[in-house]
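Could you slot chains Z and D onto chain U? The hints should help.
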Amino acid sequence: MKSYLIRRLLLMIPVIFGVSVIIFTLISLAPGDPFAQMIEANPSMSRADYENLLNSIGYYDPIPVKYAKWAKQVFSGSLGYSISQKQPIADMIGRRLKNTLLLSIPALVLSTIIAIPLGVLSATKQYSFLDYILTLLALAGISIPAFFLALLLLKYLAFDLKLFPLQGMETIAAGYTGTRWLHDRLHHLALPLSILTTIQVAGRMRYTRSSMLEIINQDYIRTARAKGLGEKSVIYKHALRNALIPVITVLSISLGSLLSGAILTENVFMWPGMGTLVYQAISNRDYPLVMAGTMLLALSMLIANLLADIAYAFADPRIRYD
Amino acid sequence: MSEILRIRDLAIDFNTSEGIVSAVRGVDLKISEGEVLGLVGESGCGKSVTSLAVMGLLPKPEGVLKSGQIIFENKNLTAFREEEWQKIRGNEISMIFQEPMTALNPVLTIGDQLGEVLQVHKGIRLGSKENIDICVENLIKVGIPRPQQVLNEYPHQFSGGMRQRIMIAMALSCDPKLIIADEPTTALDVTIQAQILDLLRELKETMKTSILFITHDLGVIHEMADRVMVMYAGKIVEEGPTKELFANPSHPYTQGLMHSRPGKVKKGDPLYCIPGMVPSGRQQIIGCAFEPRCQYSFRPCKTICPLLEFNEKGHGYACHLSKEGGIANVGKAVNISN
Amino acid sequence: MLLLTHVLDTIRGFAIMNKSAPLKISKGQSLWAITLTRLFKNKLAIVAFSVIILLILMAIFAPVITSFDPNRINLSNKFQKPDDIHRLGTDDFGRDVLTRLIYGTRASLLVGLASTGISVTIGVTLGALSGYYGGWIDNLVMRLVDIFMCFPFFLMAIVLASILGPSIYTVMIVSGILSWPSLARMVRAEVLALKKREFIEAARALGLNVSSIIISHILPNVFSVIIVYATLGIAGGILGEAGLSYLGLGVKQPQPSWGNMLSAAQNMSSLMFYPWLWIPPGIMIFLTTLSINIFGDALRDALDPKQKK
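Chains as they are written, first to last, in our numbering: chain U, 1 to 322; chain Z, 1001 to 1338; chain D, 2001 to 2309.
None of these hints come from the bench; they were simulated from the model. One or more of the hints may lead you astray.
[What the hints assert, rightly or not] Example chain Z residues on the side facing chain U (calculated, C-beta under 8 Å, incomplete):
| # | residue |
| --- | --- |
| 1 | Lys1087 |
| 2 | Met1095 |
| 3 | Pro1106 |
| 4 | His1156 |
[Stated by the list, open to error] Here are the simulated DSSO-like pairs of lysine-lysine, each with C-alpha atoms no more than 27 Å apart in a straight line:
| # | chain 1 | residue 1 | chain 2 | residue 2 |
| --- | --- | --- | --- | --- |
| 5 | Z | Lys1066 | U | Lys125 |
| 6 | Z | Lys1208 | Z | Lys1075 |
| 7 | D | Lys2041 | U | Lys125 |
| 8 | Z | Lys1075 | U | Lys232 |
| 9 | U | Lys232 | Z | Lys1087 |
[To be verified] Stretches of chain U that chain D covers, calculated by requiring three or more beta carbons in the stretch to come under 8 Å of a beta carbon on chain D:
| # | segment |
| --- | --- |
| 10 | 28 to 42 |
| 11 | 45 to 57 |
| 12 | 133 to 146 |
| 13 | 294 to 302 |
Here the structure is a predicted model, which is why all the values come from computation and not from measurement. Virtual Cβ for every residue (Gly too), placed ideally from N, Cα, C.
One chain only, chain U, in its complex shape (with noise of 0.2 Å):
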């Protein structure tokens, strides 16, 4: 195991520099630049102060060499400070990450508490008619642009019946302080955990739903119940441990995208994560604050996907690394 992971991590080396010299190209080819708003809303700027600044950032060195800078600051352990903010990277994303964490790991948590149970209720019980209603419902679930969701809930809930507030994460300026306070983050998160969630039970209860299946049609189930095992034990204790790895797999993927898989939500509700400060950074052509950040969640990528693996050991004795 050991041995496996130390190869593992290695192989992650190049697939990281892959990613980055891809990301960084893409982002240094596409058109504009960092100070282009700034000249818009300041019109007084001249036209040899707007290139000072793009030389000071080194706008016009080639990609190679922009890339090498770009990199040798990366290992001498800084990020560097974003353009348009002026502030230093690693406290920007630090602040997103918590914010984008606070959304989506109780997402996670709720939808697979949630889907699971439903999964197997629903392939126990094939071509019932609750299988059908259930199949249906995921269906639909996956179907539905999460951001369109988001604007309708957005919409007849928060604006027309007020139930809940219209964006961000707090009310701002409200100074709230104890329950107060908490029940004030509550309220706001209502809207897009419910919206995660519910779109990610509908993909983890199909999973469930047909790893189920594929587990039930199994010999070793027909041993169980040749066994005279009670329909109970065979469903939770031989069926489920099996139909399990899978969907554990599948959640340590999910992992990966812990930080970058609500972009839309995050801009529906105005939500101050991850998704919208590299979506901002992209819009402004923030080029340190569009590396450190893609970079990050696509380093959380890899290593869910290494998690994945070693879950996977874990719960299957017949995979052994070595």
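Relative to the frame of chain U, chains Z and D by itself:
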């Protein structure tokens, strides 16, 4: 010898997307205490379905018991509710399956899978010393070395033959009165096959359990069974004591099977095979199911279904030719080389 | 085209194989026929399929269905509530929303089809090569897949879209280029498994060359994987169009698409006060992807040889 299992007029249909398939079309069967009954037939003839019906394990909802009774020790199993079945399965009737590679749960230890039978039926807690002791004892009985360690290992660590031994140990756990062995050696290598057959024969001698032995391999049946039933297209076409049946195969189908055995042919000659295919069970069979493939087919075969008729030796077969008196003679006239 | 003929040949091959077996069931029951029979036993799949056909007809016959011009601007008539003339009201330029919705079908379906075409082409080619040859090709392709797999999909789409500039082609290319890796993995796995099977060994022993082995023997066998992926991929393409166009990076105005109609909701007052601008396209996207997903699901079940029902 008292009777342990009797099946009367069993008929089973499968509802498939291509229509209803009659898998079993009226089977009568009887097994006595300590007897090994061999059930032979080509794949698809309904022998496995019959055995699953005895276990109450017909696939749901496709498999439908259309008619018939399964009487086990004077209890009518066909009237049983699921909970009653559960008390019988693995306890009084247990089953050994064809595919040892897939019949064990890959994520549970051998000890877990062996021990849970005892926990369910005998109330001996899983992981207790008593439970472990019995499991070890059973593993020794089926010839598994270092049984103590084996309990903590997983199925994938064993070969097919070893897994089949473990399945047999599992089947023996509660001293069942009847063991159903559904092609237990088919998936194994020839040498391993012989070992497993030896083991089963030994167990049969020592334990006096009745065995319903299902196979398509006549050689295996010859070695194992006290009595043989030949099944074709969901019906029994011939039945008799093993020696008698092998000496005088009487139904044209049985004769065909006997001739198909490789040992029957001179070196260099082509192997014999029965022309045609097994009927699918989707269409109605009015006359004799074997008629389209039978070289002796004559007028009544197409329209009238022949019944099993027994002689004084307990040997019977279902063929209109029996009334013509010429079976034995006709049988000798089979031209192997054609 | 070559691929298609080979697929048909294989299917015919199955049919011939079946014909050698006697009795009613096998009569003309090709793999295709079995799949279709199974598929059309599924009532929900029939409904979904009808919706898809209806949408295609709507896209083709848009000018016949509606008498309005989708791009005619009439500023004196903007933000009209739905009434008898404008059944779904008018938008911020006074254009008829229903008309734009009907014409928008074209963009969404085209994006779905084209992006799937791109990703299937790349995915199948790379997956088949990687699985068949192994070695350094496999290594290279799989690292590329790893790289693409760990791109944050939507952000990469945004970066690419900002390079290419907003247009319908951008959406097609972006969705296509970012979604092939999973198919490549699937095809590779199938090919790896098939390569070990006897009939491929036989083809190789007969001295057939590699491309003919891949095209005539392996691809038809991964056909069901590809067709299911392609079906579901169209839904993915439509969702991608919706998301990108919503952010203004997709299909460019004035050409109507469901996604850019939805982007009306980016504006607070449209979101709150003119719901007829963005709810209908959202519902269309939902219904379309739902139908495609239902149909794709049914197709997968129907193509599954293990399926009993």
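| query | Which numbered conditions among the earlier hints are violated in the structure presented, ordered from lowest to highest? | reply | 11
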